[in-house]
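Q: First residue of the sequence shown? That's 1 in this note's numbering, and the numbers climb one at a time after it.
Heads up, some of the hints might be wrong.
As the list claims (entries may be wrong) - Label-pair distances were calculated between CB atoms; the ranges are: (1) F61 to K25: 54 to 60 angstroms; (2) P101 to A143: 15 to 21 angstroms; (3) A38 to G99: 50 to 56 angstroms.
Stated by the list, open to error - List time: in silico BS3-like cross-link candidates among lysine-lysine, alpha-carbon distance up to 30 angstroms: (4) K25 to K98; (5) K98 to K112; (6) K142 to K80; (7) K98 to K83; (8) K98 to K142; (9) K112 to K83.
The hints are simulated quantities; they were obtained by calculation from the structure and are not laboratory data. By construction, the Cβ of each residue, glycine as well, lies at the ideal position given by its N, Cα and C atoms.
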Amino acid sequence: MPKKTPSQQPWLQFRDSERQELDVKLPIALAVAFVLVAIVYGALFPLRTSFIGILLYDRGFTQYAVIILACVVVAFTILKFIKLQWEFRALSYDWIPKGIPWEEPTAQPLLKLYYNLSSSNPLIATRCSRVLGAYIHSGSRKAATELALDDSTFYQAASE
């Protein structure tokens, strides 16, 4: 039986990534923000006759808008922190096992590793799968190294 080339294997496609793996989705952040707004106004409702209550409840639309925007900022910050903590834990995992044969780009262990990495969620697994996919598709370690450098440069520039 002849060996299939990477282009003949339909599941071996580059993972479609817009490099937005660390972004927080707006609907989730807004939902968390409105829950926070409800908690703030619910917790301060008994203090409605105090100075803080008068500032929050009786000063018009501006106070509501300020609290909503502040809760949106807090929600984005908390969700981003949770996502980054999850990615930080993923860095300690050994994504590339020892003993994989690297001589043949279309070897079955490499294809299986690529499939496993591309179906994983952490950013480090996605980046490893892109580099491994470049090696499998091109058969050249130099092309894979160049892709890894470009990928690293992109994420470094995006973080600055």
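Q: Each hint needs a verdict: does it hold in this structure or not?
A: Checked hints:
no. : hint                             : result
1   : F61 to K25: 54 to 60 angstroms   : violated (27 angstroms)
2   : P101 to A143: 15 to 21 angstroms : holds (19 angstroms)
3   : A38 to G99: 50 to 56 angstroms   : holds (54 angstroms)
4   : K25 to K98                       : violated (36 angstroms)
5   : K98 to K112                      : holds (14 angstroms)
6   : K142 to K80                      : violated (35 angstroms)
7   : K98 to K83                       : holds (28 angstroms)
8   : K98 to K142                      : holds (21 angstroms)
9   : K112 to K83                      : holds (27 angstroms)
Hints 1, 4, 6, counting from the list given before, are not met by this structure.
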